[in-house]
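**Student:** Residues per chain, in single letters:
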Amino acid sequence: AQKVTQAQTEISVVEKEDVTLDCVYETRDTTYYLFWYKQPPSGELVFLIRRNSFDEQNEISGRYSWNFQKSTSSFNFTITASQVVDSAVYFCALSEAGPPLVFGKGTRLSVIA
Amino acid sequence: DVKVTQSSRYLVKRTGEKVFLECVQDMDHENMFWYRQDPGLGLRLIYFSYDVKMKEKGDIPEGYSVSREKKERFSLILESASTNQTSMYLCASSFSGEVQETQYFGPGTRLLVL
Numbered sequence: 005a006q007k008v009t010q011a012q013t014e015i016s017v018v019e020k021e022d023v024t025l026d027c028v029y030e031t032r033d034t035t036y037y038l039f040w041y042k043q044p045p046s047g048e049l050v051f052l053i054r055r056n057s058f059d060e061q062n063e064i065s066g067r068y069s070w071n072f073q074k075s076t077s078s079f080n081f082t083i084t085a086s087q088v089v090d091s092a093v094y095f096c097a098l099s100e101a102g103p104p105l106v107f108g109k110g111t112r113l114s115v116i117a
Numbered sequence: 491d492v493k494v495t496q497s498s499r500y501l502v503k504r505t506g507e508k509v510f511l512e513c514v515q516d517m518d519h520e521n522m523f524w525y526r527q528d529p530g531l532g533l534r535l536i537y538f539s540y541d542v543k544m545k546e547k548g549d550i551p552e553g554y555s556v557s558r559e560k561k562e563r564f565s566l567i568l569e570s571a572s573t574n575q576t577s578m579y580l581c582a583s584s585f586s587g588e589v590q591e592t593q594y595f596g597p598g599t600r601l602l603v604l
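Quick mapping for you: the protein sequence lines, in order, are chains A and B. Sequential numbering of the first sequence, starting at 5, is according to the working numbering. Sequential numbering of the second sequence, starting at 491, is according to the working numbering.
Worth flagging that the hints you see were computed from the coordinates, not collected in a lab. Built from N, CA and C at the ideal position, the CB exists for glycine as well. Wrong hints could be hidden among the right ones.
[To be verified] Okay, derived cross-link-like pairs now, DSS-like style, lysine-lysine, Cα gap no bigger than 25 Å in a straight line:
| hint | chain 1 | residue 1 | chain 2 | residue 2 |
| --- | --- | --- | --- | --- |
| 1 | A | K7 | B | K547 |
| 2 | B | K493 | B | K560 |
| 3 | B | K560 | B | K545 |
| 4 | B | K547 | A | K109 |
| 5 | B | K547 | B | K508 |
| 6 | B | K545 | A | K7 |
| 7 | A | K42 | A | K109 |
| 8 | B | K508 | B | K560 |
| 9 | B | K543 | B | K508 |
| 10 | A | K74 | A | K109 |
| 11 | A | K42 | B | K493 |
| 12 | B | K561 | B | K547 |
[As the list claims (entries may be wrong)] If we take Cβ atoms under 8 Å as the criterion, some of the chain A residues that face chain B in the derived model are:
| hint | residue |
| --- | --- |
| 13 | R54 |
| 14 | F107 |
| 15 | K109 |
| 16 | A117 |
I would like the entire structure built from these sequences, with the hints used as guidance.
**Tutor:** Quick look at the structure:
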């Protein structure tokens, strides 16, 4: 069965600090996809990234970066030089053979000015 | 840009009422989904649909039904609302043209059942 664990329930950082959100997953499949979504206070989930199991290259997009390590079944998300606008709940999700996603319980990030 | 809209942002209903939550997407996506989100529990899948008039149960379908008469519209129905259905409801859609397509979400409906 698929499972996604986000052990950090809440994180609070001061603006400009770097912060890493952890995501550990479980799957028996060799082919799977991992996702990160952001949910700002407005409520809508915003897609950030999708990564397939065959691509272990790290990804960088502006201040965001993702570290995918199959050896530890982790797909961690780092925000560099955090800003107040980064305050949100972040969800990691996993998909195997079909569209339904399995979500972690989310990490609430608070960035304090 | 993908646009997923939900009929209401906030809704207050009484126990026993029949409640309709509507979701519309404008990207001709085949797949549509309904989730509920509760503190500490994350997102849980209620129902999803791969095509018009097709539906599949998710993890927590009890107390809910769905309707997909048109490709762009996916309705969630609470036949007889109960207080334990007070929650945030999120609709999503995705394209079937590629494996593990990305889901795009609507703004959510916060439902309060009194």
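**Student:** Given the hinted pair K561/B and K547/B, is their Cα-Cα distance within 25 Å?
**Tutor:** The given pair, whose Cα atoms are some 18 Å apart, holds under the 25 Å limit.
**Student:** Quick check on the hint: A117/A CB to chain B CB, less than 8 Å?
**Tutor:** 25 Å, violated
**Student:** Sort out whether K493/B lies within 25 Å of K42/A, counting only the CA atoms.
**Tutor:** At roughly 17 Å apart (the allowed maximum being 25 Å), K493/B and K42/A satisfy the hint.
**Student:** Tell me if the straight-line CA distance from K493/B to K560/B falls inside 25 Å.
**Tutor:** 16 Å, holds
**Student:** Take the C-alpha atoms of K547/B and K109/A, compute the straight-line distance between them, and say whether it is at most 25 Å.
**Tutor:** Holds, at roughly 21 Å.
**Student:** Keeping to a limit of 25 Å between CA atoms, is the pair of K545/B and K7/A held or broken?
**Tutor:** 23 Å, holds
**Student:** Does the structure keep K7/A and K547/B at a Cα separation of 25 Å or less?
**Tutor:** 19 Å, holds
**Student:** Take the C-alpha atoms of K74/A and K109/A, compute the straight-line distance between them, and say whether it is at most 25 Å.
**Tutor:** Between K74/A and K109/A the Cα gap is close to 21 Å, so the pair holds against 25 Å.
**Student:** Taking the least C-beta to C-beta distance, is F107/A closer than 8 Å to chain B?
**Tutor:** 4 Å, holds
**Student:** Take a quick look at whether K508/B and K560/B sit within 25 Å of each other, Cα to Cα.
**Tutor:** Since the Cα atoms of K508/B and K560/B sit roughly 21 Å apart, the hinted pair holds (cutoff 25 Å).
**Student:** CA of K560/B to CA of K545/B, is that 25 Å or under?
**Tutor:** 13 Å, holds
**Student:** Would the pair K547/B and K508/B pass a check requiring their Cα atoms to be no farther apart than 25 Å?
**Tutor:** 20 Å, holds
Hint 16 alone, counting from the list given before, is not met by this structure.
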